[in-house]
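Number of protein chains: 2
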Amino acid sequence: LVFSAVSAICAPLASWNDGPAKQAIETFVKKVTDPDGKDFVSPEQRIAVFDNDGTLWVEQPMYTQLAFALDRVRQLAPQHPEWQENPLLKAAIEGDMKTLAASGDKGLLELVTVTHAGMSPAAFQQIVTDWLASAEHPRFKRRYTDLVYQPMLEVLAYLRENGFTTYVVSGGGIEFMRAWSDRVYGILPAQVVGSSIKTRFEIVDGKPTLIRLPEVNFIDDGAGKPVGINEHIGQRPIAAFGNSDGDLQMLQWTSTGAGPRLGMIVHHTDAEREYAYDRNSHFGRLDKAMDLAPAEGWVLIDMKNDWKDVFPAAK
Amino acid sequence: LVFSAVSAICAPLASWNDGPAKQAIETFVKKVTDPDGKDFVSPEQRIAVFDNDGTLWVEQPMYTQLAFALDRVRQLAPQHPEWQENPLLKAAIEGDMKTLAASGDKGLLELVTVTHAGMSPAAFQQIVTDWLASAEHPRFKRRYTDLVYQPMLEVLAYLRENGFTTYVVSGGGIEFMRAWSDRVYGILPAQVVGSSIKTRFEIVDGKPTLIRLPEVNFIDDGAGKPVGINEHIGQRPIAAFGNSDGDLQMLQWTSTGAGPRLGMIVHHTDAEREYAYDRNSHFGRLDKAMDLAPAEGWVLIDMKNDWKDVFPAAK
Ligand SMILES: [Ca+2]
Ligand SMILES: [Ca+2]
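Keeping their order, the protein sequence lines are chains A and B. If you read the first sequence in my numbering, its first letter stands for residue 55, the second for the next number, and so on. If you read the second sequence in my numbering, its first letter stands for residue 55, the second for the next number, and so on.
Hints may be right or wrong, so weigh each one.
Since copy identity is lost for identical chains, a pair holds within one copy or between any two.
As the list claims (entries may be wrong) - Listed below are the simulated SDA-like cross-link pairs for lysine to any residue, each with C-alpha atoms no more than 20 Å apart in a straight line:
#	residue 1	residue 2
1	K261	R315
2	K84	V127
3	K252	E269
4	K160	T199
5	K152	R214
Just so you know, these hints were derived from the structure itself, not from any lab.
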């Protein structure tokens, strides 16, 4: 009752134009919450998973976490003259994006281990929080946490008002996202699934401590997403939102179960208000998942036509 | 308001005798839930973690999951004549506990990979569910899921009624526990942290599938418990319940934060109604954590004197 009242006052999905995408969300939610319907799903089974980069916030001209890693390399470089001998780190310091891009996933991973390890998870989150408080997106000149998609914030709220538990399931770093997911998305640390480096518990000067190690623990992308979902959530979601081929297996896994399922793909079609990209993008490539969408029943969200606003209004 | 009413009707902690243990729980909960007190903790920070074997259910004469693995080896043995060539599996088939015990953790792990892998998590949980429906504890002649500690069920309910989220954090298998944790403890799959084997996503005959692999992924015991807590929960708990040295680091990690903390240890002192064991037990050895308890402020629960009943009444 309380939830219904709130939802009525706040006009759910207010930033969505009427159209097939908005309708797909509303129809699905009505189905699974109707206690008299054949498609009713009990609240503890109402699990919805959301990719992060390009689904909940901007991922161009590069992943925000990569922008963070590059800033961090530059900030720490004066204390590490030896980094000048490392071609990758030298490229990062000098902003040589061509060399960085050519280094591929391996280079990205090396950047992450150099910049994300050696401290506790709490200390790392503080570093992320401090960076987010000052870093600015190169095109929009706003904080990265302001460049979240207003219509998707409304989907998160709408689903939670209807008894869903919402999870982020991202290839991004789990602790990087936990630093702000509660504040920005209303998603608690325990509901964040992501890639991780290993962590070790030890007693340092008599004090119990967790230390982040420069070693990959888990890559929560592609076929890793259903694995991460199983490990953290232990139930199959009934709704999944993604934007790239990295979400393909998560969409497949979510769509396979019995009963109604919702699979949606944010299609970046709005070069004016945000970006337009799909099959040929370096970040957030959408190709195979788009081809499979019609047969699988996944609904594309056409950013340009489905969204009244893209970002929250500037304060 | 609803919660308070339920709690008043059900008389929280009804199976606890008045004494320091019951008092420690009640005092702690009153402190952290008093909105006007200096020790108030917001609901999303009220995280309580519970070891499973020996803390929530019986672990003698052997871990229940080991009893399951042995039954499973015996059940599958006719299809695997080659197991007769393997001394460990032969010992399991013949119930030769001496050889099994001598094989140590390495042997235990081999038993687990042989019996727990090769199927989907859902299929594995069904196997566990079927086993629990018929297996009987050798001494009490009851289902294992009936041999949970009634006073601890009351602690779980009492904490949840007071806005806590309760987690199981166990060295036992995460999927083994998820098969029944909701039904028996009211703890959803996403709130179960445990040891795991690796899982792989693949498309089998066109169907998205998760397969459990015979390879260890994570051991959630000892120094692994704070690591598992960090990975799954992403917040430091404010209350921890354990019963052995495998919970030592979880207790240390929980006790270190600012503000009020509750650390409790179930001490098995009741040979008549359950078992009496601590420093010399093969399963659930309690030695170092007991020595450190007074200085750390951890409260021992004296099963014999603190608990009116041990198990729920037989139906
Ligand atoms: Ca993405
Ligand atoms: Ca235990």
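- Out of the numbered hints, which ones does the structure contradict? 2, 4 and 5
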